[in-house]
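Peer 1: Sequence:
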Amino acid sequence: MGHPFLVLVLQLLLLLLSPAAADDGGVILKLANAVTPLPTGWSTTSTSGLCGWDGITCDSSKQHVISISLFRRSLRGVLPPEISTLSELQTFSVQNNMLSGDIPSFANLTNLQSIFLDNNNFSSVPVGCFQGLTSLQTLSMGNNENLAPWQLPLDLAASTTLTNLTVNQANVFGSIPDIFGSLPSLQNLRLSYNNLTGALPLSVADSGIQNLWLNNQQMGLSGRIDVLASMTQLVQVWLQKNQFTGPIPDLVNCKNIWDLQLRDNLLTGIVPDSLIALPALRNVSLSNNKLQGRKPVFPNITYVVNDGTNNYCADIGVACDPQVDILLAVAGGFGYPVSLSDKWQGNNACDGWPSVTCDSKKMNVTTVNLSKQGLQGNISPAFGNLTSLQNLYLNDNNLTGPIPNSLTTLTQLRSLDVSNNNLSGIIPVFPATMKFITTPGNALLGIKISPSGSPGSSGTDAGTPSGSLSGGIGASGGVIAGIVIAIVVFLAVLVFIFYKYMKRKNKSGRVDKGNAMVKNGVEVAINVHNEAPSELHSPGASGDSGHKILEGGNAAISIEVLRQVTNNFCEDNVIGRGGFGVVYKGELHDGTKIAVKRMESSSMGTKGLNEFQAEIAVLTKVRHRHLVALLGYCVNGNERLLVYEYMPQGTLGQHLFEWQDHGFAPLTWKQRVTIALDVARGVEYLHSLAQQSFIHRDLKPSNILLGDDMRAKVADFGLVRNAPDGKYSVETRLAGTFGYLAPEYAATGRVTTKVDVYAFGVVLMEMLTGRKALDDSVPDEKAHLVTWFRRILINKENIPKALDNTLDPDEETLESIYRVAELAGHCTAREPYQRPDMGHAVNILGPLVEQWRPANQEEEDNYGIDLHMSLPQALQRWQADEGSSMMFNGTSYSQSHTSLPPKPFDTFTSNDAR
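According to mature numbering (1 follows the signal peptide of the UniProt record, and there is no 0), the sequence shown holds residues -22 to -1, 1 to 892 in order.
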């Protein structure tokens, strides 16, 4: 160990030499003076208490700012360039604001791990902005449409720990740089809605990318998508709305893909059987391509979009004609060019196919003339199956490879012209009577090409001395020595880089075994079962992260972390129990509270890991202002755990029925209607997805919770069936009350969207009356709220007498109460077809809230959705923003202003969702 005095001197020198040590506070003051409104607790003149300011985190010495987290603060202004001097900065998070001007340079901030710039109005990206970021794990800057056109920098190749790269809708143009060989940790690549062109870089083939989002480019990426076949970690692939060509590759080794979106491209060829058989695949879209062959059937896949334009030979259930199959195999040798896909349509090659001539009976193909078509690839041996072929013209193309021996079996072949190509290999022996043209061109024809691509021995007809083209190929000793030296130097450089990287990791305090923290957009890496690093990500951020990453930034979380934050699932932390497990309140070391649902293994039945992860992935795609955010999940043997945001404001039931006991003020009518509208919007949104078979498991009634802003939110359908503390469940539990249970669900267990509508009607009645759905403290005739209140509805004059006595409505309020009461009655109709859908409920409740809303109230931004749009508009906007794999079916919703449905509503059964 060194002398203590020397250690002290060294530390002092480091402080003196650090350019940011004395002026981090000055940078924050410049930031405070550059943005409006000023964040809560900040000062523009003094740095007193800086490390305790909202959104500012310092290191343990209180000398350096290590985190700036100011997401969703409605900030305006221009970020000061001095941010580049915060040498110890680890996290910079300003997403979901209205910041403008240049993005500050982060160059050479070697401790910086996370950058979140999403959803702002930045105008430009300085050159070299991201160079030297050797610790960077997440760069997320999507939805910055005002950026001047810029290209993805090669500088990112130095960010070897990069896990998440999100640059969607950010005016990026040009090609995707071929840097992925330098990014071994990259799991999520999101570049959707830009103006990228060119081919997919070859280096992605060997990457660990799990989620690949490149959809909706303005001009369109092009070339083939063969690299997907080698990307064995892929989970979600969005390539829709580009200009990709060629066939769908064999994805047999990509066993984790559950979502594959290929629609609106120029893909050709036959859909491979291996794609249909992928074990995890649940969503696939193939529409509007140039695909050929028999229309595929996906019997085990939930959501298939395969309508629109394609060049299938026939519809489902009809096989292609044998000659059509043969000619498609011929096209396959040429790489299935788009030109042939467009020309060779239908199921009869003798019915006007260009370049194809048949006999007088229009039965058999006799001539194929594909000269001067710009074809590439090989001559397919499938030509040998056209047994009536007499003439084959393939001259003046760019064909390579050998002439297949199968052509020698064509006994009627009279003419074969392959001149002006680049063919090679041994020439088959044809009858002397056949007209066989090979020249000009084809300089290597007659020369056998070795597997390495170098010419080898000649064929018998070549007339070229053996080995004449291969002499002198051997490498000299000097060249070999040079190669060896280069390899040694390369390995030495790698060792040095690894040493520096590990040293820097230790210095920054990152722990290999991992832990999880999330606060105000800050991400800290964790490890899951000793696998790749993953992260627990704030729901407010737009970036994406995590092992088995799922849309929305949700991550796999280790069981060790969940044990720590729940005090080893201590009984004192239990906040809910149900038939499917126990819910625990947890608290991360930074004070962030979470709700952990620990499902019993028996409740999962025989559900496999792939199915579980696919279902989680579906749930995490459902992002909405009124939906509880799924923060992460854990797989621990047969055990499954889900992590949700914790809502601290108490249950809706407490605010309605026990407000005095908890020190709450009674809910006003305006608050109740606003809550009801938000619940209706959340459920309506989920129903719209389910009706498109996007949510592929049985629908379950939703959970409602009261948020900080006195609005309601709706939890997911499916895996979490019991509400944690802070959530009010409208679901009927087997061991609980039957007050919310629709009659058909109580009798048969049949789950439909109309079950949710019924439960929603019960909640409306509770809000109207201040009474619980079931109350055994009152006479039997009043104990069941629905039965009693529907009797009240027979006479409108009885309604005021049944209201919660805290409401005390005036005339105007009473009119809106009548509208909601009528809606509640229709929602709880005994027959499902008599109940409206949730879109109708939104139409009724929306105007009631609008009449109280301030004229200039700014709409909360949630993934670009204006919640006062019609649902079709909102869903289409969401799809556009997120590059969703869903297809909207154009359903319109009634805009009537009466709660009586204009016609019966169809039920939606669980079978419809499969």
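There's no promise every hint is true.
To be verified - No more than 27 angstroms apart at the CA atoms, straight line, and that leaves these computed lysine-lysine pairs for BS3-like:
{"#": "1", "residue 1": "K273", "residue 2": "K350"}
{"#": "2", "residue 1": "K760", "residue 2": "K774"}
{"#": "3", "residue 1": "K340", "residue 2": "K350"}
{"#": "4", "residue 1": "K339", "residue 2": "K413"}
{"#": "5", "residue 1": "K273", "residue 2": "K340"}
{"#": "6", "residue 1": "K350", "residue 2": "K426"}
{"#": "7", "residue 1": "K40", "residue 2": "K8"}
{"#": "8", "residue 1": "K779", "residue 2": "K760"}
{"#": "9", "residue 1": "K321", "residue 2": "K339"}
{"#": "10", "residue 1": "K750", "residue 2": "K779"}
{"#": "11", "residue 1": "K233", "residue 2": "K340"}
{"#": "12", "residue 1": "K426", "residue 2": "K413"}
{"#": "13", "residue 1": "K340", "residue 2": "K321"}
{"#": "14", "residue 1": "K413", "residue 2": "K340"}
{"#": "15", "residue 1": "K571", "residue 2": "K40"}
{"#": "16", "residue 1": "K760", "residue 2": "K750"}
{"#": "17", "residue 1": "K648", "residue 2": "K774"}
{"#": "18", "residue 1": "K779", "residue 2": "K648"}
{"#": "19", "residue 1": "K321", "residue 2": "K273"}
{"#": "20", "residue 1": "K273", "residue 2": "K233"}
{"#": "21", "residue 1": "K750", "residue 2": "K774"}
{"#": "22", "residue 1": "K350", "residue 2": "K321"}
As the list claims (entries may be wrong) - Label pairs and their in silico Cβ distance ranges:
{"#": "23", "residue 1": "G186", "residue 2": "G27", "range": "35 to 45 angstroms"}
{"#": "24", "residue 1": "G186", "residue 2": "N369", "range": "47 to 57 angstroms"}
{"#": "25", "residue 1": "Q354", "residue 2": "P17", "range": "52 to 62 angstroms"}
{"#": "26", "residue 1": "T389", "residue 2": "T335", "range": "16 to 26 angstroms"}
Simulated from the structure, these hints should not be mistaken for laboratory data.
The beta-carbon is built from N, C-alpha and C at its ideal position, and this holds for glycine as well.
Peer 1: Each hint needs a verdict: does it hold in this structure or not?
Peer 2: Taking the hints in turn, this is what the structure says about them:
1. K273 / K350: violated, 30 angstroms
2. K760 / K774: Distance of about 18 angstroms is within 27 angstroms: holds.
3. K340 / K350: Between K340 and K350 the Cα gap is close to 25 angstroms, so the pair holds against 27 angstroms.
4. K339 / K413: holds, 26 angstroms
5. K273 / K340: holds, 25 angstroms
6. K350 / K426: The hint holds at about 26 angstroms.
7. K40 / K8: Answer holds: K40 to K8 is near 19 angstroms, not above 27 angstroms.
8. K779 / K760: holds, 14 angstroms
9. K321 / K339: holds, 22 angstroms
10. K750 / K779: Roughly 17 angstroms between the alpha carbons, so the hint for K750 and K779 holds.
11. K233 / K340: violated, 45 angstroms
12. K426 / K413: At roughly 23 angstroms apart (the allowed maximum being 27 angstroms), K413 and K426 satisfy the hint.
13. K340 / K321: holds, 18 angstroms
14. K413 / K340: holds, 25 angstroms
15. K571 / K40: Answer holds: K571 to K40 is near 25 angstroms, not above 27 angstroms.
16. K760 / K750: Holds - the C-alpha atoms of K750 and K760 are around 11 angstroms apart, at most 27 angstroms.
17. K648 / K774: Holds, because 21 angstroms separates the two Cα atoms, which is no more than 27 angstroms.
18. K779 / K648: Within the cut-off at roughly 19 angstroms; holds.
19. K321 / K273: holds, 18 angstroms
20. K273 / K233: holds, 23 angstroms
21. K750 / K774: holds, 21 angstroms
22. K350 / K321: holds, 15 angstroms
23. G186 / G27: 35 to 45 angstroms: holds, 43 angstroms
24. G186 / N369: 47 to 57 angstroms: The hint (47 to 57 angstroms, Cβ to Cβ) holds, given that G186 and N369 are roughly 51 angstroms apart.
25. Q354 / P17: 52 to 62 angstroms: holds, 59 angstroms
26. T389 / T335: 16 to 26 angstroms: holds, 18 angstroms
Hint compliance for this structure: hints 1 and 11 are not met, and every other hint is.
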